[in-house]
Amino acid sequence: MDAAHSLPPATYGLLAEFDSPAQLVAAAKKTHEAGYRRIDTFSPYPIEEAWEAIGHHDKRLSKIVLAGGITGMLSGIALQEWVHNIAYPINIAGKPLNSWPQFVPVTFELTILFAAISAVLGMIILNGLPEPYHPVFNVPRFEHASRDKFFLLVESADPKFDRAKTLDFLKTLDASEINEVEP
Amino acid sequence: MIDFKPATYQPAPLIEPGHTFTSITDKIGGVVLGKYTPLSWFVVVSIGMMLMGGLGLAITWLLIKGTGIWGVNQPIGWGFAIINFVWWIGIGHAGTLISAILLLLKQGWRTSINRFAEGMTIFAVMCAGLFPLVHTGRPWLAAYWLFPYPNSMGVWPQFRSPLIWDVFAVSTYFTVSLLFWYVGLIPDLATLRDKAKSRPVKIIYGMLALGWRGSARHWQRYEHIYLLLAGLSTPLVLSVHTVVSFDFAVGIIPGWHATIFPPYFVAGAIYAGFAMVLTLAIPLRKIYGLEDFITMRHLENMGKVTLVTGLIVAYGYVSEAFFGFYSANKYEGFMIWNRMTGPYWYMYWSLIFCNIIVPQFLWIRKVRTSPLGLFAVAMVVNVGMWLERFVIVVTSLHRDFLPSSWGMYYPTIWDWMTFLGTIGLFLTLFFLFVRFLPMISIFEMRTMAPDAKLEGSEGH
Chain A
1 MDAAHSLPPA TYGLLAEFDS PAQLVAAAKK THEAGYRRID TFSPYPIEEA
51 WEAIGHHDKR LSKIVLAGGI TGMLSGIALQ EWVHNIAYPI NIAGKPLNSW
101 PQFVPVTFEL TILFAAISAV LGMIILNGLP EPYHPVFNVP RFEHASRDKF
151 FLLVESADPK FDRAKTLDFL KTLDASEINE VEP
Chain B
184 MIDFKPATYQ PAPLIEPGHT FTSITDKIGG VVLGKYTPLS WFVVVSIGMM
234 LMGGLGLAIT WLLIKGTGIW GVNQPIGWGF AIINFVWWIG IGHAGTLISA
284 ILLLLKQGWR TSINRFAEGM TIFAVMCAGL FPLVHTGRPW LAAYWLFPYP
334 NSMGVWPQFR SPLIWDVFAV STYFTVSLLF WYVGLIPDLA TLRDKAKSRP
384 VKIIYGMLAL GWRGSARHWQ RYEHIYLLLA GLSTPLVLSV HTVVSFDFAV
434 GIIPGWHATI FPPYFVAGAI YAGFAMVLTL AIPLRKIYGL EDFITMRHLE
484 NMGKVTLVTG LIVAYGYVSE AFFGFYSANK YEGFMIWNRM TGPYWYMYWS
534 LIFCNIIVPQ FLWIRKVRTS PLGLFAVAMV VNVGMWLERF VIVVTSLHRD
584 FLPSSWGMYY PTIWDWMTFL GTIGLFLTLF FLFVRFLPMI SIFEMRTMAP
634 DAKLEGSEGH
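Chains as they are written, first to last, in our numbering: chain A, 1 to 183; chain B, 184 to 643.
No lab work stands behind these hints: they were computed from the structure.
Among the hints, a few may not be true.
[To be verified] With the Cβ distance kept under 8 angstroms, some of the chain B side facing chain A (calculated, not the full set):
no.: 1; residue: PRO331
no.: 2; residue: LEU346
no.: 3; residue: ILE408
no.: 4; residue: LEU421
no.: 5; residue: ASN565
no.: 6; residue: VAL566
no.: 7; residue: THR611
Every value quoted in this text rests on a predicted model; they were computed, and no experiment measured them.
From the three backbone atoms N, C-alpha and C, an ideal C-beta is built for every residue, glycine too.
Same shape as in the complex, but just chain A (with noise of 0.2 angstroms):
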């Protein structure tokens, strides 16, 4: 071991720029097959078959979700017939105090409060937001991601990664600039 290994990698990895989605999704689907897993693609609007290609689908969300509604409607329940049964009964002409149909609204309303409000955290919290910094900002290029252009990235952090080979791959799939991105 030298200390060359120690030292942080130079380079955060290699970003291929393209011009149309066809192109991108095409060189996400061959480094894919070529055996890079630590890729990623990074497009102006949502491509479905981007992260098909890349192999990522993640389902956590819709357990997330689930969980927050279920959370919302049983807050909402055990919030009312505590309020009208423990802390504060109100006997009006004998009517009972546990008179759950006139819960179901407010029930309701918490159930869809806390599963949205858990949709808009999870996917923020699973995303890694707010991240303001990132490696690939650091391509001057990389402010058309959020415009026009298509970008594929290959951390150097990959096990198949070799600065040289992954370019010589990275060149033949039709990529229209290559940059190295820095740490």
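Since the structure of chain A is provided, determine the placement of chain B on it from the hints.
Showing chain B alone in chain A's frame:
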């Protein structure tokens, strides 16, 4: 197979041909980042701010003197506050319908109108929320009347009351609409961050964009929850006006106590909301030259939705009258007869004129495809829907069971100043939004560009 469509008629496209990712981004983003502000923007915001000044004055005086400055009194204990509340909250519904329900129904034409319709929802709900808050006269006490929190008096809200359901429905609606709107904005804020030239502007949009970089992993989760939020908003929006209608329907007053109220209110809300979307969209596309994105196809489709929901509302009016007479209940029968021929007859018949007769012009394609014609119909519907709430609230209350307790309702100058003030608040907020945030979803418009098509698939 025979094609019954007349050969001459081609619906307008959803986006004018020739647009690329770059041109879409520059056109919509340019409205926000460009230096140019149209003169009409200043005119509208000045009018809005003037009306808001009146609102500030009216609310200040209300807090000093109390609700006695308003025209409400027995027997009409619910006046402008509830009329305006229901009117505004109804307007909001079209935004959610466009952003959520049309998304689930895969209606591509929602894309260029959803963003500002959602903005309209948020600002309309803000205007609506103001009324229940100030109608308490002492809003600082409203906290423990409305929200369940452990207070030193040990009292809790009455959850069996539709008014509390309303608090939960409206506040949930506001929160979820705001979240939906913000989530939709994140990728566009990233675009503005990357496009902005000046550093402070970059920093502001950059903070709001949360560091969004368009990663495929992010997009997948994003699309996932966007669909879930649409699925959650759909029952929510239907529940909100249902709960608002319970404020009336749970009471025993003839004219309120009707099972038709929830669906009739929801249809009325969507009707009013689409009229308001048209009212805003037609001048906006003109002022900012967005005819390429908000095409005649969008306007025509909105005209069709207005016509359909208008017919549902008409059905509601007819059934109300039918129930009144068929019930053989003399109070119900009197109520509907009094609505048509009593002291407020002109309100009722103006309402029928505005909400049933005028929208029938939308059957004619010439009217549906003329911005001016649509704008005129939409304005009439806006007025009509306000009249509807006036008729429901005032004519039901002013002559109920006991002739000795009959009365009339006279709104005061403070009522009018508050109402017009909320219109000013709405206009100001809406035009500030148009200036500082993209009024059309840029990233969703990119999916409509011809370049977005992948071989062998439909694109998105």
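Hint status (Cβ of VAL566 of chain B to nearest Cβ of chain A, threshold 8 angstroms): violated, 31 angstroms
Hint check: 8 angstroms Cβ-Cβ cutoff, LEU346 of chain B to chain A: LEU346 of chain B check fails; min Cβ-Cβ to chain A is 11 angstroms, beyond 8 angstroms.
Chain A contact restraint on PRO331 of chain B - CB to CB distance below 8 angstroms: Result: holds, 6 angstroms to nearest chain A Cβ.
ASN565 of chain B as an interface hint toward chain A, with CB separation required under 8 angstroms: Since chain A brings no Cβ nearer than about 28 angstroms to ASN565 of chain B, farther than 8 angstroms, the hint is violated.
Interface hint status, ILE408 of chain B versus chain A (Cβ within 8 angstroms): holds, 4 angstroms
Hint validity - THR611 of chain B Cβ closer than 8 angstroms to any chain A Cβ: With a minimum Cβ separation of about 27 angstroms from chain A (threshold 8 angstroms), the hint on THR611 of chain B is violated.
Closest C-beta approach of LEU421 of chain B to chain A relative to 8 angstroms, hint status: At about 11 angstroms, which exceeds the 8 angstroms cut-off, the nearest Cβ of chain A leaves the hint on LEU421 of chain B violated.
The structure does not agree with the numbered hints 2, 4, 5, 6 and 7 stated previously, though it agrees with the rest.
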